[in-house]
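Student: Single-letter residue listing:
Protein chains: 2
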Amino acid sequence: VRVPRIPSVLLATVLLGCAALAAEGMWMPQQIPDLKARLEGAGFKGDPRTFADLTGHPMGAVVSLGGCSASFVSPEGLIVTNQHCVTGALQYNSTPERNLLKNGYLARTREEELWAGPGSRAYVTLSFKDVTEEITGNLDPKLDDRARFETIERRTKERVKACEKDGLRCRVASFFEGYRHYEIAQMEIQDVRLVYTPAEGIGSFGGETDNWRWPRHTGDFGFYRAYVSKDGKPAAFSKDNVPYRPKHWLKADPKGVEPGDVVFVTGYPGATRRMETYAAVKQMAEWTLPRQIKRSEEQLAILEQLSKDDPALKLKVSNRIRGLNNGLTNNRGKLKGLLQANLLATKEANEKALTAWIEADSKRKKEFGDALPALNAQTAEEIRTRERDSALRSVTAGSALLGAARTIYRLSLERAKPDLDREPEYQERNWKRIRERDERGQKTLDLVADRALFRYALLEAARLPSGARIEPLDAAAGISAGMSEADAGRAIDAFLDRLYAGTKLDDLALRQSLLEKPAADVVATKDSFIDLAVKLYPATEEIEERQKRNEGLRSRLTPTYVRALLQFSGGALAPDANGTLRVTFGKVEGVAERDGLVYLPQTSLAGILEKHTGTGEFDAPKHELDAIAAVRAGKKTPYASPGLGDVPVNFLASVDTTGGNSGSPALSSKGELVGLLFDGTFDTVGSDIVFDPVRTRSILVDIRYVLWLMTDVDAASHLLAEMGVSPRS
Amino acid sequence: VRVPRIPSVLLATVLLGCAALAAEGMWMPQQIPDLKARLEGAGFKGDPRTFADLTGHPMGAVVSLGGCSASFVSPEGLIVTNQHCVTGALQYNSTPERNLLKNGYLARTREEELWAGPGSRAYVTLSFKDVTEEITGNLDPKLDDRARFETIERRTKERVKACEKDGLRCRVASFFEGYRHYEIAQMEIQDVRLVYTPAEGIGSFGGETDNWRWPRHTGDFGFYRAYVSKDGKPAAFSKDNVPYRPKHWLKADPKGVEPGDVVFVTGYPGATRRMETYAAVKQMAEWTLPRQIKRSEEQLAILEQLSKDDPALKLKVSNRIRGLNNGLTNNRGKLKGLLQANLLATKEANEKALTAWIEADSKRKKEFGDALPALNAQTAEEIRTRERDSALRSVTAGSALLGAARTIYRLSLERAKPDLDREPEYQERNWKRIRERDERGQKTLDLVADRALFRYALLEAARLPSGARIEPLDAAAGISAGMSEADAGRAIDAFLDRLYAGTKLDDLALRQSLLEKPAADVVATKDSFIDLAVKLYPATEEIEERQKRNEGLRSRLTPTYVRALLQFSGGALAPDANGTLRVTFGKVEGVAERDGLVYLPQTSLAGILEKHTGTGEFDAPKHELDAIAAVRAGKKTPYASPGLGDVPVNFLASVDTTGGNSGSPALSSKGELVGLLFDGTFDTVGSDIVFDPVRTRSILVDIRYVLWLMTDVDAASHLLAEMGVSPRS
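Chains as they are written, first to last, in my numbering: chain P, 178 to 906; chain C, 178 to 906.
Everything labelled a hint here was simulated from the structure, so no lab data went into it.
Treat the hints with caution; some may be incorrect.
If chains are identical, the list can't say which one is meant, so a pair holds when it fits in one copy or spans any two.
[Said to hold, decoys possible] Once the Cα atoms are required to be at most 30 Å apart in a straight line, the calculated DSSO-like pairs of lysine-lysine come out as:
(1) Lys813 / Lys764
(2) Lys485 / Lys471
(3) Lys471 / Lys491
(4) Lys424 / Lys213
(5) Lys428 / Lys703
(6) Lys543 / Lys529
(7) Lys594 / Lys529
Since the model is a prediction, treat every value here as computed from it, not as a measurement.
Make the full structure from the sequences, and use the hints.
Tutor: Here it is in structure tokens:
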């Protein structure tokens, strides 16, 4: 399958006159052979065609964990990813008495490997097929936007149904904003177990202070093992399951990579928005990001206040706090990139140039001239209702109990339909994961925290101006436009008293049983949260309908916009990230980060001592400090970098990654595992929207730090042996 | 005068095996000629003997502002220093309607130059004379410590009296911990006026966030002018005064300095404590610094809470907030240096080596063996009473009104004595500055803030354990050991109600009149704060007596300790800073600041745009942004650095400076003005206690930034002309 060569209008403008830049490109594996010249320029000496074979080496070893990336590193299904990708499993297996989050975990035997909990998965990509014609070919031009959406969605559901057979999970994914569609089949391994993760003082060393920052000294890695039934098929967690034997696994290279070396990072980047219009990016900078930042700050303050003297609650909300903090810093970085690093201005200039180019030629004007104005009109329309839409989304996402009630009610409605008529999310293929998600949620459910966050969302809805009210919520909560903050607070408190007194949805067994019931039975429970979900249903459905119309409209317009971008300039272009398997490459290299400041490409054990305070986020465990002291006192280790004269801890690489890439293996020119991607620098995150070729850098754990910890700190020699790494190599 | 060549035991240990290090040394000007070889190694081509002549060029141009350093830059008495050294003058001349702190100030004519306010001074050092023999020679060995102190103090007072004649201010300063004494005579210029300072968005750009940090982009400079009477003598502020005509002034070099160039920094560093014993440094790290950090944090929280919605109060307390923040960061840096950068461990190792060396030889043992144990015993003694002593000092410093009452009462007691019997601080030569300090205090006096901070100090005293109580305070405030925080708070609030209702000391005229009254009249006012000062007097006097005994003891022991240090190793050594004129030299150079992070030696205008947010601490004025845009659009400026391709803003230099050096001129190898010192990096401040030769860097404003602002932003061409800088040079 050949992927179209699409030029990057952004790169063309930004790259002029600059040297040694990060190159945009979360490439589809099939695109890599076409990049031979670039790869050779970067110092790659292998055969780029190996990357195009998804079931060969090394791509066959790369897996998705659903939100994180990972890779097989032994013939017995051992998987390596980030520590922060296994925190759900750590939390699931923790109690206040046995805090795996804090202490880490090392299974000495297979028996000690701990099930990662409901919903934990590993996905191995098996095939990838262009189905553009099947999805968007022969569409009746007379269809209105809503019907157009419906047709595309139905064709997609039919293809998925035809594709999925035992253990296979399929998806039809849109690339280049609907310009192309691909059908992807994955094996879905359902029994995933926790094998090893270092202590928090290693795996999260630096905490939120260092998150998105450099210099970095985080041992952000963890090991899982994939299990399957005895006949080698994906199966639910069972004591009888056996380790999965992958066809391909990565070999760790104890020599690692050094500055200037080329590295490949393969994984499942989640989403970038580089093909958005200027109007959409502008509204992101002016409204969406500032609002999200404010919400995260205020929600964090609520959670931190609530949990500060309550260790049990702290354990329950720690993942949420980590997620909020992470998103907050990410959004701040995006906003800073758009405004201070002038990415927004770059976008505007590029779009003006594109428009001028279209206007300059009557044929182009005819072909492309309508797309951008129509997309801008749609953005203007979204802006008109954004306050209310956003407040309603906040309310429905504001309480885990309301979320559960909505899911229960919606599933009961959808179950009554034929499967192909159901909303994709509620098709039978997803019922099991709905139940698992509900079950997993029980570990983090806390009614005090739930109520505090829900109150925050309700207060936001209470502030909406008249004309933009959420009427059913007003009626239920007794709030109205123009109410004083104090009056609204009192009304909401009374409403919350009634809600939390009138619900039993904190009972897992009850929720799980309701997930099987028809709508009449669900409504008959008269549970207060289900009652609220029913009342809000028409309002959320109205938003959904609008979204479907909009998507229908975009499915007409954006492929035209993308084609205009293509013709406007030349060179290969990677599609925006969409959660599918990608390859990016670059070099191990530092960056002139800011005026007066340089980030070196590597950090070392010495820096852990520099940062260690013995408390809070900088609290390396004593056994690690002792091991570092031994190295500094002259103890030989095969994992030292000759250039550094120390064991490398983290390194920077000029690769193009985003959320979802966490845990991605970094491969050397030889195709061996040399690092694990776990973060980007603060000044990189703006690249999710408009690529910054100057400062974009990803942060990776050096494989030598992992191997050194396994050898000298955590005594995980049985895993090293399994990985084929000899301590003397 | 030759200064002894004293080796640095610290350097000897720390420097081993390292390249390109900052060199310890706030040299006495007289020591510079002896450093010829070092200077030539650093690239200096001039004659080092010029530095030894305090009344020649360039040292004759360097002045003290009392707490800050500065230099003459024109034949008409124009002085350049830091913006943060003239904030007192800005505050004195500001009103809520005319905020000079925020807007800066530029006098277009001599008439517009604003008196800097009571107590503002410029001191020109005229002579420097070894008086060791006169001060500590022929001391009767039978004198006890208290009498020894008394004798040294009286000899000092007598010398000062003999030295001071019209307009001269003299001081006998101890160098090398009492090993040497020098008499210093300075001309005291009393009429100092504000000429020019840029807007806060330039002069304090980066605010507290960037304070002690790199990369830095602060235009921290300001201009004063010295005025004298028509006959050229120092005189109080008067319209009839005329600009002072210094014999020497510095010439600004529009070419500045570039990385690798040698720079000299001359000024008045206040205090370093590099010759303290390990026990004293240890107690600093374990107790003093953590306690000061906590106090500053809590006092800041109080002031910020009080002033956040009150612009008038904010103006009054802004200097105090700035000072607290500055000290807080400094103390945090010191603590970090001592603990994390291992400076405390270095000190310990060095002292152990010194002790072993003394013990190894019976002659040395006899000569030096007793000093360190005796000093350690004294430190142990101070530790015994530190809680109470510190709390009492907090209380007496806790309220400006109590401070005024103490001064009034003490002055009334001292006035009754012959002048040579008075406490030095209360001798007649200081009466004027006592009155001026009191007058200056009126601008920042606010009873709400005063009461809040005093309450904080009283609560601290209330928490003292029994056996360490401040009895007169207990009796007055109705507090006692073991009281609950709430009970103590109530008692203190009632006490404060009485105190603030019973005082008129917020009246400047009243205070100034009381500063002239005998003790009986002072006590007869029955003012509540004076009453409290009288009650606390015996307790404060008791501490003072102990201190005098201790100083007598130290005057016996520390010269011995210093002599031991001398003999233990070789090479020249500079004495600890003591507020006297010093010279330090080093290079314009960056630093490998932390594992993975490099500070480049210069910043540029581009970095201002990177940091500018348009609000708060990063709010460059529009006229500067426009001027930067013009430079970036290609406008030629003679102030660009060829290496940077931009106007340099700040630079780093490996010189050895501390508080008091603020405003110090940096001189090129040609002796021309190339920068103004205004800060050190966060990892440098630990060097005040134990010198860190690896990371010590000072931060300076590049003179080219100053000249560029004067040319392209603030239209101060009349000052440029006066300084002899032609815009085309």
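Student: Now tell me, hint by hint, if it's right for this structure.
Tutor: Structure-based check of each hint:
In this assembly of identical chains, Lys813 and Lys764 lie within 30 Å of each other by CA distance solely inside one copy; the values are 28 Å within and 37 Å between copies. Taking the shortest Cα distances, Lys485 and Lys471 sit within 30 Å of each other both inside one copy (21 Å) and across copies (20 Å). For the identical chains of this complex, Lys471 and Lys491 are neighbours both inside a copy (22 Å) and across copies (26 Å), given an alpha-carbon limit of 30 Å. In this assembly of identical chains, the alpha carbons of Lys424 and Lys213 lie at most 30 Å apart only when taken from the same copy (26 Å versus 72 Å across copies).
In this homomeric assembly, Lys428 and Lys703 never come within 30 Å of each other (Cα to Cα): the closest approach is 57 Å inside a single copy and 86 Å across copies. Taking the closest pair of Cα atoms, Lys543 and Lys529 come within 30 Å of each other only inside a single copy of the chain (18 Å); across copies the shortest separation is 87 Å, beyond that limit. Proximity of Lys594 and Lys529 under a CA criterion of 30 Å is satisfied in neither setting, with 48 Å inside one chain copy and 84 Å between copies.
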